[in-house]
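Q: Given next are the chains, with one letter for each unit.
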Amino acid sequence: MRKELEKYFRANRLPHIWCPGCGHGIITGALMRAIDNLKLDKKNICIVSGIGCSSRAPGYLDFYTLHTTHGRGLAFATGIKFAKPDLKVIVVTGDGDCTAIGGNHFIHACRRNIDITTIVFNNNIYGMTSGQYSPMTPKGAYATTAPYGNIDRNFDLCKLADAAGATYVARSTVYHVPQLIKLMEKAIDHKGFSMVEVADICPTYFGRKNKLGSPVKMMEVLRDSAISIKAAEKLSKEELVGKIITGEFHNEIAPEYTEEYEKTIEKAQGGC
Amino acid sequence: MSKAKLMQGNEACVEGAIAAGMRFFAGYPITPSTEIAELSAENLPKVGGKFIQMEDEIASMGAVIGASLTGLKAMTATSGPGFSLKQENIGFASLNEVPCVVVNVQRGGPSTGLPTLPAQGEVMQARWGTHGDHPIIVISPSSVKETYEFAIRAFNLSEKYRVPCILLMDEVIAHMRERVELPDPSEIEIVNRKKPDASIEKYNPCEDYDGDGIPPMASFGDGIPFHVTGLIHDKTGFPSTKPEVTQNLIDRLMGKIENNLEDIIDYEEVLTEDAETVIVTFGSVARSALRAINLLREEGIKVGMIRLKTIWPFPEKVIQETSQRAKNIIVPEMNYGQLIDVVKAAADSKCNIVGLNKYVGELITPEEVMAKVKEVINRA
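These protein sequences, in sequence, are chains A and B. According to our numbering, the first sequence holds residues 1 to 272 in order. According to our numbering, the second sequence holds residues 1 to 380 in order.
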């Protein structure tokens, strides 16, 4: 580990529980690099998660950390941020945690535009429970609960976040780490609700079940299927099948929830 | 100086909560508790507090826990279906010793049931609604004034023992209006959670530093990083699956209640000394019971009442002692029979214990209590 990053980790809680080849460590490392690059005070940062493999990340990180109930990270985080707006609040969540059981909290956090950054570790599978399909599992893929192939259509999470009102929306992959760090920095720095979806790999459950080969092979697939927003614009719908569009999808400044409530307090105290 | 006010039960709940120091409320609309959210929305910002209407009941409970972890006194309010939805996160608060108040205004159930009508169907759910062994405190008011007082007491107990406190109301108390003498703020006893000593070098969030089973609680933002997890954890707050760690944690959590029964348990005894028949009751039904007792006494019938203010932990001792004296115990409740099982378990086997159960969305009347008392006496 790079010396300057050590202070962000609880060394006595390592090694982590993630499988060899898992992309979660890359995302966690990228997040710490983004925080380090932004020179944020770690005593002003709260990291919240739900349940699942990725939600175990906060336990390894030396901040105020909260490992909540399944899908509810954003609900707890909303309470924290609203009660104490000075805190920088970051939610780490998986694709099942965020988009299935936590889907309602996700769209409403987007809608409120509360100043929380959400990092979605999207490995297209429920890893902790050993490989069931999630709302992010591609159609046709196999999972223990889709032994004949998944017939569910998957979310486009960036489109969902955008439509729900998130004011910063981006996507990268665990292969494109410099880009990922940059997007995370912008998301954390953004005033309002920000979401970075990270295309991640689960070699143990998604990879094996779908015969995708070694973790290295899966990383190569990410490398080869990632395409920028600009390049994607030139491709047809058919040509985009299997591509992962990366970059910044949305970035706007809009009234932020906790600041708006400060005005409510002023109204309540000043008027009638 | 105290001031008198005509108030609704739900209104008294909010007034009491704010007087106790509530500065955060997260909720979701549901009958018959909605006025608690509405009045919190109106009154909290006036004192610099925060109100948020969340997307659902589950999120409301989560937000309350998050806010409490930053140090604010936080509350949510709901009714039957919403109380069911909150249960998982109530368990999280109980395991992680996050002070919070959950108001459940009971209405007819099960399911959507009788949304606008009263019931007392959550005696057991209030105690055991969330999964696993866990501590919880449940208190239940019988008047609007008591609702004000119990809202304060709910916060005080919750802060003192770092345990969720359920304020178990019912639709009658919630929507009834009564004259309430509000105490002068200086006369209100306020309890705040124990904070860690600033000189602690390494803060263990779950360490019993004082030997009373209640760890001091830091807040997110205080400058001391710490971890909170819904997994079983050791004194450092980090997960463990070791049997001895689990045993120590659960024993300590349960001990916070079991070792402080005298402080937590509260009840009122009315004319029990010479009573041959004692009515054990709580909430709005106690009002009908009191009326019945007064009328029966005029007829020379020796009847009294134990009105439970604390339901959980259950006041076993007074029930046991009373059952050794009285011939009959009658347990009127607006459900199919919940409290009666706990009364039976605590009582002497020689005592005749009879239920009076009404689960049709109507309050048990004084006449019905009187009829039951006479029926029991005549049968004996």
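It should be emphasised that the hints constitute simulated quantities derived from the structure, not laboratory data. Misleading hints may appear alongside valid ones.
[Unchecked claim] Simulated pairs of lysine-lysine, PhoX-like, Cα-Cα distance not exceeding 25 angstroms:
id, chain 1, residue 1, chain 2, residue 2
1, B, 46, A, 263
2, A, 267, A, 43
3, A, 267, B, 46
[To be verified] Which chain B residues face chain A? A few, computed with CB under 10 angstroms, are given here:
id, residue
4, 8
5, 21
6, 24
7, 56
8, 65
9, 67
10, 69
11, 71
12, 84
13, 88
14, 94
15, 230
16, 234
17, 238
18, 272
Note that CB positions come from ideal geometry on N, CA and C, so glycine has one too.
Q: Against the earlier hints, flag every one the structure doesn't satisfy and list their numbers going up.
A: 2, 4, 5, 12, 14, 16 and 18
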